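S.K.: Chains as they are written, first to last, in our numbering: chain R, 1 to 233; chain F, 1 to 177; chain C, 1 to 313.
You may find that some hints are simply not true.
[Claimed, not checked] Derived pair list, reagent style BS3-like, types lysine-lysine, alpha-carbon separation capped at 27 Å:
hint, chain 1, residue 1, chain 2, residue 2
1, R, Lys134, R, Lys221
2, R, Lys44, R, Lys56
3, F, Lys76, C, Lys53
4, C, Lys14, R, Lys193
These are computed hints drawn from the structure, not numbers from a lab. Bear in mind the structure is a predicted one, so any value in this text is a computation, not a measurement.
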Amino acid sequence: MTKEIGSRLDLQAYFVYKDFEEVIAWQLNEMGSSLEEMKKIGVKNFKRKSGPLYLKKDEAYEFATNSGKIEFYSEELANLGLDPMPVYTSHESPEQGFYRLNYGRSPMHTFSRTINNPNLSDLTNENTLWVNPKVARIEGLKNGQSVWLENQDGIISSFSINVRVTERIRWDSVYMYHGFGHDNKKLSRAHGKGVSDTELISNIKVDPLMGGTGMRGNFVKILIDNPTKEVLL
Amino acid sequence: MKYAMVIDTLKCVGCSDCVVACQSENNVPIGYCRDWVTESVNGTYPLVEIELKSERCNQCDNAPCVRCCPTGASHKADGGIVLVTADECIGCGACIASCPYDARYQHPDGYVDKCTFCAHRLKKGQNPACVSVCPTKCMYFGDIDDPTTKVSHLLASRKFKVLAPEAGTKPNVYYLI
Amino acid sequence: MQEEIFISGRNIPKIDPYLEVWHFPISLYLFLGGMAAGIIFFASLFTILKREKQVQTAIKPAMIIVLFALSIGLLALFYDLTHKLYVWRLYTTIRIESPMSWGAWVLLLITLGSFLWVFSYFSEIFPKWNLKIKALKNLEHFLINNRRNLAIILLPLSLILGIYTGILLSAFNARPLWNNAILGPLFLVSGLSTGAACIILFSKDHFERKLFSQIDLVLIFIELALIIHMLMGMYAGSAVQLEALDILIGGEYTVMFFVFVIILGLIFPAILEGIELLGYKVPVMIPALLILIGGLVFRMVMIEAGQLTRYLY
């Protein structure tokens with residue numbers, strides 16, 4: 001496919017093969033095997049050139065730490081001013097009326113790239129907000145009701161989302177699938193369906209030690225009426 | 001020879017690959033489906049249990065749809081599969097009203113359509129599309145009149161259930177629980 | 001909390017969220033079929049009992065109405081089919097286990113029978129027209145001589161037609177509201193009652209109206225008893241039947257059912273007819289019209305409410 005696109009762009013000089021089988025055969029020849037051999041045996045194991053893969057029992061080995069051993073208490077980290085051993089820091093809890101926003105993946109879609117696929121959007125074209133029945137009772141929500149979300153920094157979701165009252169979520173959290181709520185009108189099947197969790201994630205915590213990001217520290221409030229309607233008044 | 005399908009609910013993850021495979025194999029129009037996935041949630045948080053099932057026409061032994069079809073378009077074919085002859089169907093809707101599993105639908109072209117256990121693939125010795133495609137390999141298909149097949153072995157060794165046995169239809173899709 | 005949902009986005013038109021394959025055309029056909037069965041029953045009964053002189057409306061104008069009713073009913077059925085080009089397949093086979101199949105054949109035979117019946121009265125209805133073709137004249141003569149035999153054939157056929165409208169629905173074991181055996185006799189009695197009401201509506205003879213008012217009163221009581229029987233049966237049934245009962249007693253169709261079918265369609269006309277039999281003057285149109293409307297609404301409620309009930313999900 002790439003070769004055809006290349007020839008149409010007048011770049012056929014760079015594709016000096018007939019088809020990809022030729023490329024694979026050349027690659028295998030360079031490696032010391034051949035296409036015929038691989039077709040027959042399928043898997044070929046070569047000898048390791050860089051030494052054994054695993055440590056042998058009772059072998060003397062020095063690790064890349066200050067003491068040369070595996071360290072549970074890291075002096076290097078202590079010198080840098082960080083916790084030398086992991087210390088539990090309790091994460092923020094939502095205040096009254098707010099719920100922690102959890103997100104996950106829909107088993108039908110691959111992140112958000114398949115959202116406009118006709119077959120897959122026929123299966124799931126919008127996400128739902130999973131709400132515990134106790135919360136639904138307090139907030140007065142019914143299954144299938146349309147709600148809007150506002151997060152702790154005042155960001156309001158662009159579209160509405162339907163509520164799914166289910167026991168599968170805790171009392172202090174709500175959950176939704178990631179990858180919905182697109183506002184690009186060119187995505188004809190996905191535009192405006194569901195809510196985008198990424199637009200509500202404004203608080204991203206970064207681990208100072210290794211840079212990992214935590215995005216589940218955002219809290220949302222459930223709005224029953226369309227917030228944009230209030231502006232007109 | 002009686003074909004049956006055995007689905008392991010402990011392995012199903014609800015990916016709905018079976019739905020999409022069936023749609024593409026049988027040219028099912030978008031908006032309709034011959035099989036679907038249901039989720040049952042029981043209990044109260046945190047003691048919650050879910051069960052995922054892929055459901056379709058159960059090709060019942062005592063099929064009410066075959067019984068109440070006025071023209072005989074809905075009939076039992078080889079292997080116990082219930083098929084619909086499109087040329088004989090008048091579109092009266094009696095079979096749709098009589099199916100306790102709501103497995104049949106009216107095709108936009110007028111006749112009634114449903115899961116056929118991919119009869120055209122069975123003729124070539126292949127499994128139905130949904131069974132072939134399942135990524136967790138939780139679906140099994142075979143002849144339960146033959147005690148040596150995998151499905152017979154599964155039904156003899158594990159607990160199973162069928163949908164709505166009280167409807168008296170004797171379905172042929174079993175769910176391992 | 002128990003939750004059972006579709007997660008593969010199933011939303012088949014006419015099946016989800018509730019079954020919607022049958023609407024007004026089918027209720028109209030059931031009503032017209034029942035009414036036609038009632039009229040044919042009375043016409044053939046009185047002919048067999050050799051009392052046709054007393055029921056002139058029943059045997060002539062009412063039977064013409066039967067022809068229109070059956071034709072409109074058949075057209076409504078045909079309109080409801082989605083694969084119309086293949087409708088002839090219905091008459092290439094007969095399958096006893098399918099009520100729709102033998103019902104379609106009975107409908108065909110009864111339509112033919114009523115055409116022959118009306119044709120036998122051709123000279124009386126249209127005295128100025130002369131049948132030019134000799135074969136038709138012979139046919140009319142033959143029919144006039146064999147009218148009693150025709151009535152003997154039509155009587156059981158009309159009963160089968162009346163009861164078939166109910167058996168058609170009760171054969172669907174997937175719809176709990178319909179799946180009780182009392183629906184057959186109930187629809188038969190309802191059909192006979194609407195047939196009698198139609199005869200009362202079009203009759204000009206005082207004796208005939210009084211006779212049919214009395215018959216109708218008895219039929220209304222039987223129908224009320226059968227409806228109570230049906231509700232009690234559902235109350236003592238399985239979980240799905242209790243849910244079906246809920247729709248009629250405490251749900252969406254309660255008002256329609258109790259106001260239009262029971263009170264306005266059965267109890268109120270019965271009271272009016274009782275008053276009339278006691279000697280007071282009551283315009284006959286009112287109870288007759290109410291019974292007819294009640295019959296139509298009853299069938300509409302049964303068709304729509306029945307499709308709301310299901311076994312799963």
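S.K.: For every hint, state whether the structure bears it out.
M.R.: Hint check results:
1. The straight-line distance between the Cα atoms of R/Lys134 and R/Lys221 is roughly 15 Å, inside the 27 Å bound, and the hint therefore holds.
2. Between the alpha carbons of R/Lys44 and R/Lys56 the distance comes to roughly 25 Å, so the proposed pair stays at or under 27 Å and holds.
3. The hinted pair formed by F/Lys76 and C/Lys53 fails the criterion: a straight-line CA distance of about 54 Å is larger than 27 Å.
4. Simply put, C/Lys14 and R/Lys193 have alpha-carbon atoms about 23 Å apart, close enough for the 27 Å limit, and the pair holds.
Hint 3 alone, counting from the list given before, is not met by this structure.
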